[in-house]
Amino acid sequence: MLLEKTKADTGLRLTRRSFAAGALSLLAVPQVLAAPNARRIICLDYGLAQTLIELGAVPLGLVNANDWDRWCGEPALPDSVVNIGATTDVNMSLLVQLKPDLIVSTPFLEAYRSQLERIAPVESFPIHNVGGSPYPHILAATRKLAELTGLVSEGEALIARTESQIAAAYDKVAPLRGKPLVFVSFLDTRHVRVYGPGGNYQDVLDLLELTNGWNGASNSWGFATVGYEQLPPDPDVTLFCMEDVPPDVFPTLEGSPLWNSLPFVKAGAVYRLPHCFMFGTLPSMSRFARILSEAAVHHA
Amino acid sequence: MPEMSRISDVRKVPGGAWLVLLALFALAATVTNLGPALADLGGSVIFGVDDMTNQPAVQFHFSRLPRLAMAFLAGGALGVAGALLQQILRNPLASPSTVGIEAGAQLALAVTMVFFPVLLGWSRDLVTLGGGSLAMLGVFLVAWQAGFSPLSVMLAGLMAGLYASACVTLLALMKEHYLGGLFIWGGGSLVQQDWRPVISLLPRVAGGLVLALLLLRPLTLLSLDEGAKGLGLKIAQIRAAGLAIAAALTGFVVSAVGIIGFVGLAAPAFARMTGARTPASRLLLSGISGALLLTTTDQLLQILESGTGIFLPTGAVTAMLGAPLLLVLVRRLPARAHRASSAEKIAPERSRAPVWMVAGLAGACLLAVAAAVLIGRGIDGSFLLSPFDQLEDLLPWRLPRTLVAGSAGILLGLAGVFIQRLTANPAASPEVLGISSGAVFGVLAVQFLAAGSGYLVQVAGASAGALAVFGILLAMEQRRSRSSDSLLYSGVALGAFLTALVSAVIASGDPRAMLLLQWMTGSTSQADWTSAALLAAIACAALLAAPLFSRVLTLLKLGDEAAQSAGIGLRAARLLVLVFAAVLTAVATLAIGPLSFVGLMAPHLARRAGLLRSLPQMAGAAAFGGLLMILADYLGRVAYFPWQLPAGTMATFIGGPLLVALVLLRRARTA
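Here the protein sequences come in this chain order: A and B. For what it's worth, the working numbering labels the leading residue of the first sequence as 1, then goes sequentially. For what it's worth, the working numbering labels the leading residue of the second sequence as 1, then goes sequentially.
Worth flagging that the hints you see were computed from the coordinates, not collected in a lab. Predicted model, so just to flag it, every value in this text is computed and none were measured. Every residue, glycine too, gets a C-beta built ideally from N, C-alpha and C. Any given hint might turn out to be false.
As the list claims (entries may be wrong) - Example chain B residues on the side facing chain A (calculated, C-beta under 8 Å, incomplete): (1) 59; (2) 117; (3) 194; (4) 376; (5) 397.
Kindly generate the complete structure, drawing on both the sequences and the hints.
And the structure:
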């Protein structure tokens, strides 16, 4: 149901692009049919890699594989995964030698599609930057990946597992419910990324029926870059700073009259949370739910 | 006749009027932005806040006021630094970025963020000042070897800046998740939440200003050049001291708010326009202009931000605002007053066998192609001589990009010769003219208007952008027969405008900007057989057509009078050369991005190799350009496997030391 609805939406909104994609997929049809249960998969996106690993279809190669632990971390990346270079400049000579039977990508890299298709069929998954909540797209992508790898039951199991993990967090986050919560990443001592609608975090907040305290605009990826003085001056706000906070941020802030005058700082309602990949898929969502339930314990 | 009417035109509007106008504009912007809040809160909020729970008052006193002060202070410091640099280097294109401080500081911050984040907790200022000073010291060291001549400082500074920014870009591409904050800082955000940065910057800027004023008398005498030597002044030491002060002023600002480069270029120009003639008045007026320029920009930006919610770093926008202003001002420059006095006096020894030299270079190009195709790296990263049966799979990923890189190098080398000869300025290059930036702008527009568009659409966008810039240059050239310097000036302004736009987009945090960044660094990864064949064909055509311009170039170089007496229509000849060079540049930029600077390096290398007359220099520059780019692409592909370092950036890495070494070698020989 959800999958079909998403497809219809995308088709209506992006007719030109979907036409092109359709034309390209016609060309790719014979190859896709040749490999019904793809196993030699090259993954060009951390979020999709999360899902593949959870499904048990560990990708052959992943972009930026050596930074996985710092930015994504969960699930653990098997040692067998080959690093294939930067997201925007995949090492094609290496890709040829790996002989993949499927390349999974995002519309973000659409400009490279024709190049990649010379090596293996390409499946592109619109999840983030789609002008709305990523959650339905994440579900659709999970099912499609499961289908492509012939792991349909594992896919349904992953969805069910995530749902139950989020459901389990629902009661634990009760102390946070009804309060405006603001989630930021510090970029430097003056600027933060504040997370709003259109991102992974917001989806989890919605599922847990928590309130995002940031009511300002956010871009299509689900965040806004602002000076911290623009954070809502609401005395009820609790501020959560996602790691990594650059090491000079808090020492600088401690001596700042403006920072210290902010209501949530005066109320002592500033907390640091472990990092959680914001352009991720289901594993990121259950991680965020778990992080929130742990935060709620300290909060209570 | 038109020359006469222009002069009387200048006399009608007193220079000071411009300054008053700018001041009024700054005031109006400030009142519009801060006035309403100030009226609400009462004047006492300027001096302090009694009630720390009064959020609007705290905001005003601790955020908006220090931001105003910071803009004024930073702009002033950069203006003074720029004036000082231009006085010393006697080059109106000089700016604080030219000595490499800004890029050096940015590199230090990037490296620290990625590899030693702990240091940032200790002191961000020390990191940026350290990086900036190191880059500057490198520049001085090289320049000192070459007698500290204006040209050598320019050259070394340019190279240091390119080097540092190339490294930053590579880091950003490889560690894309790390550096969001760096681009905000690189874009120059003036957001303040505290008075402390202003208070710590104030004494440093004041100290720099005092030292600069103390240096004024010897600097004034320096502009008499040989006369100063007769007076027993130690030219090199005075220049070094002046450069150090300019560097320190820039370094302090960079450390406090990031890169706001264009102010240091625009302010001294503005000061000259307002009629500042003595070095002292130029220095002070330049400081005031800089302060006003930056304040105006920043206040307008805040008005925009409160209206639309769009966050744009001020430094990036300064350039956008400052560039058109500069374009207007350039038209008022006296034709020859500020011609860069950097033409080299000692010519290198002329090669006795230019044909063999060029043939050897061409052979080296072929060898490099063979190596690039046959020797690659395997899955485990080991070097492999690919057997011919595997080549069928690998060739499409190796040969086209090698051909694209080589062809683009040839085109840029040729374009470089044309433009350097046309402008008689060895610091000129196709990249400097801003045509490459035009192509970048075109691709940017395409990316954001039609996301996920294909290669062909991007090509069209880039062409349109390059041609638009070219059209503007053309129109300016047609409007009046001017010295080539004003053309260069306009090119720099346009380039800065477009580059600033790009960095604003990158700072906005849009992940698509990474794609743009990758192209800007000169990656050839998109090459396929079609683009390779196309580019190779264009390069061949350009090589065949170039000799037709040989005579025109020789005459243009001899000077306007010689050219005219030989019966060449000056304007037509210049336009023709300009069109040819611009088309070559646009095609090459599409392939390898705007930042390779091969167009700057290849003609220099050819000259150093003794290829002096226009035809041999063209052939030599084409061959050097091709060789540089082929090697750059190959090394970029295998050096840091599995990452592929972009060919344009690699070219800067390889060519930079080469160029510096040649400068030093020549010096050693002539000394």
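We went through each hint and held it up to the structure:
Hint status for residue 59 of chain B: holds, given a least beta-carbon distance of 6 Å to chain A, under 8 Å. Given hint, residue 117 of chain B at the interface with chain A, holds; its Cβ is 5 Å from that chain's nearest Cβ, closer than 8 Å. The closest approach between the C-beta of residue 194 of chain B and any C-beta of chain A is roughly 5 Å, which is under the 8 Å cut-off, so the hint is satisfied. Because the closest C-beta pair between residue 376 of chain B and chain A is about 6 Å apart, less than 8 Å, the hint holds.
Of the supplied interface hints, the one on residue 397 of chain B holds, with its beta-carbon coming within about 4 Å of a beta-carbon of chain A, less than 8 Å.
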